[in-house]
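Work the whole structure out from these sequences, hints included.
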Amino acid sequence: MSPVENQSGPLLAGIDVGTTNIKAVIFDLTGQPVTQASVATPTYYPQPGWAHYEPEELWQGAAAALRQATGQLDRPDRIAGIAIASMAETAIPLDAHNRPTYHSVAWFDRRTQPQVDWLERNIGAERMFEISGMPLQPIFGLCKLLWFKQNEPAAYSRTVRWLNVAEYIAYRLCGVQATDYSLACRVIALNLRRREWDTALLQDLEISPSLFAPLCDSGTRLGPVTPEAAAATGLPTTAQVGAGGHDHICGALAIGVIEPGDIMDSMGTSEPVFVPLNQPISDPMVCRQGYAQGAHAVPGRYYATTSGFTSGASVEWFRDIVGRDLDYATLIGEAEAVAPGSLGVYFMPHLRLANTPHYDPKGRGAFIGLSTDAGRGVLFRALLEGLAYDCRYALEPLFDYPEVVRPRQIYAIGGSTRNPLLMRIKAAVFNRPITVATVAEATSLGAAILGGLAAGVYADLPSALQQLRHKHRLVEPDPAEAALYDRNFRQVYQQLYHALKPLHHTIYQLQN
Numbered sequence: 471m472s473p474v475e476n477q478s479g480p481l482l483a484g485i486d487v488g489t490t491n492i493k494a495v496i497f498d499l500t501g502q503p504v505t506q507a508s509v510a511t512p513t514y515y516p517q518p519g520w521a522h523y524e525p526e527e528l529w530q531g532a533a534a535a536l537r538q539a540t541g542q543l544d545r546p547d548r549i550a551g552i553a554i555a556s557m558a559e560t561a562i563p564l565d566a567h568n569r570p571t572y573h574s575v576a577w578f579d580r581r582t583q584p585q586v587d588w589l590e591r592n593i594g595a596e597r598m599f600e601i602s603g604m605p606l607q608p609i610f611g612l613c614k615l616l617w618f619k620q621n622e623p624a625a626y627s628r629t630v631r632w633l634n635v636a637e638y639i640a641y642r643l644c645g646v647q648a649t650d651y652s653l654a655c656r657v658i659a660l661n662l663r664r665r666e667w668d669t670a671l672l673q674d675l676e677i678s679p680s681l682f683a684p685l686c687d688s689g690t691r692l693g694p695v696t697p698e699a700a701a702a703t704g705l706p707t708t709a710q711v712g713a714g715g716h717d718h719i720c721g722a723l724a725i726g727v728i729e730p731g732d733i734m735d736s737m738g739t740s741e742p743v744f745v746p747l748n749q750p751i752s753d754p755m756v757c758r759q760g761y762a763q764g765a766h767a768v769p770g771r772y773y774a775t776t777s778g779f780t781s782g783a784s785v786e787w788f789r790d791i792v793g794r795d796l797d798y799a800t801l802i803g804e805a806e807a808v809a810p811g812s813l814g815v816y817f818m819p820h821l822r823l824a825n826t827p828h829y830d831p832k833g834r835g836a837f838i839g840l841s842t843d844a845g846r847g848v849l850f851r852a853l854l855e856g857l858a859y860d861c862r863y864a865l866e867p868l869f870d871y872p873e874v875v876r877p878r879q880i881y882a883i884g885g886s887t888r889n890p891l892l893m894r895i896k897a898a899v900f901n902r903p904i905t906v907a908t909v910a911e912a913t914s915l916g917a918a919i920l921g922g923l924a925a926g927v928y929a930d931l932p933s934a935l936q937q938l939r940h941k942h943r944l945v946e947p948d949p950a951e952a953a954l955y956d957r958n959f960r961q962v963y964q965q966l967y968h969a970l971k972p973l974h975h976t977i978y979q980l981q982n
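For any residue, its number in the working numbering is found by taking its place in the sequence shown, counting from 1, and adding 470.
These aren't lab readings, by the way, just hints derived from the structure by calculation.
Listed below are the simulated DMTMM-like cross-link pairs for lysine to aspartate or glutamate, each with C-alpha atoms no more than 25 angstroms apart in a straight line:
| hint | residue 1 | residue 2 |
| --- | --- | --- |
| 1 | K941 | D498 |
| 2 | K619 | E596 |
| 3 | K832 | E596 |
The following label-pair restraints were derived from C-beta to C-beta distances:
| hint | residue 1 | residue 2 | range |
| --- | --- | --- | --- |
| 4 | A799 | R878 | 29 to 39 angstroms |
| 5 | A566 | L796 | 43 to 53 angstroms |
| 6 | E590 | D544 | 55 to 65 angstroms |
| 7 | A929 | A969 | 51 to 61 angstroms |
| 8 | E590 | P512 | 26 to 36 angstroms |
| 9 | A595 | A566 | 29 to 39 angstroms |
Glycine residues also receive a C-beta, built at the ideal position from the N, C-alpha and C atoms.
What follows is the structure in structure tokens.
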């Protein structure tokens with residue numbers, strides 16, 4: 471991208487530290503991208519079920535992406551503010567000299583099931599829900615912290631701070647350590663209603679509350695970029711660093727999904743559906759179904775989310791096994807030639823574990839209904855239909871709770887929205903229009919908005935959202951396809967998890 475010429479006015483930077491890539495995007499105040507850059511997120515898999523990042527590589531990746539993005543500007547000194555969005559449940563332990571004491575265990579790492587079992591026995595899922603609003607699942611930060619304490623005692627004994635990835639990158643930029651509520655709640659040691667660390671829980675676990683940085687709202691000004699960080703990134707030392715947030719929440723912020731009744735389908739490697747709330751759901755059944763709740767980036771607001779751990783990851787997995795050199799356009803074209811219903815083939819996209827409303831670490835994925843007629847196009851269409859079925863299956867039970875407003879509007883963001891066949895299938899499976907928010911890099915934009923609030927460029931969030939210029943496209947459902955998918959969903963897909971659960975649990979036991 472060529473340097474930006476003859477423009478004035480402040481710019482904002484947003485970083486998105488994601489599972490696959492680290493992106494840095496520079497925006498103008500209307501939310502239009504000016505320059506951007508991306509580097510791969512280096513991930514290590516030392517044994518089955520384990521995954522981690524190296525903290526210094528995360529920082530170097532963020533710095534490199536920023537250098538590339540700022541290097542395309544004639545005047546990088548126009549950048550007034552920056553904030554970071556990141557994957558949640560991925561933390562970095564630091565010693566007294568702010569050096570990492572261990573790897574950064576990835577959010578999708580599965581080593582912490584024993585810690586979940588221990589918490590269930592010794593603390594209880596009900597108490598954990600009352601505190602955090604969250605179900606007990608291996609992904610959450612507290613489970614990783616307990617694993618670290620129990621399995622790496624020497625490293626744990628040197629650890630004085632536990633920072634989420636976004637907080638760590640912000641610290642490297644400005645030298646200030648702080649934790650925003652949207653990421654803090656993913657530790658599940660935050661009392662969600664009181665919005666403070668639950669000291670009684672931490673005392674029972676013999677964990678010092680001082681491990682966690684001071685709490686603040688997303689968009690809080692942390693401080694200016696340090697000279698050292700400016701040299702590494704190309705940012706000016708006049709740029710203010712703001713507290714960022716959870717990547718999916720930043721994406722919701724960017725498209726204005728902050729009111730109950732609006733929902734956002736975040737279609738990336740994973741696929742949580744984000745449902746804003748005025749207050750957390752109080753019925754503990756929501757915990758048993760595996761739904762997560764948390765603090766919105768908007769002060770005083772909350773959210774509930776479904777879990778879809780391997781949505782875009784399922785597409786990548788399929789493409790990799792049928793041929794890495796095969797482009798997605800070819801796969802989509804072959805799938806479009808297949809009639810809706812995929813010749814009776816169904817796909818369960820539980821390649822890591824089963825999603826809400828039956829959160830099950832022993833659950834697995836499956837193709838069902840295979841025959842010799844099922845070629846590559848049939849399988850790929852069945853996979854896309856399975857993603858849509860599973861999204862509906864995960865979302866519908868939420869609307870039984872009185873705190874949840876039935877959707878007025880469904881927004882979709884993320885890389886998978888660029889798959890036109892998937893969006894047509896999803897609109898038909900839900901039998902309602904879906905608004906595809908064609909926001910370039912929504913997660914980075916949400917972070918940039920928070921940076922703008924920190925810098926004082928925007929007076930408040932409503933005025934920031936009013937300045938944004940978004941283009942949307944509406945995907946309407948086909949009535950005939952909607953009727954077919956509704957029948958298949960009710961008569962087949964809703965039964966698949968229960969039908970396969972005993973076999974999947976037996977397979978899990980045999981493997982473990």
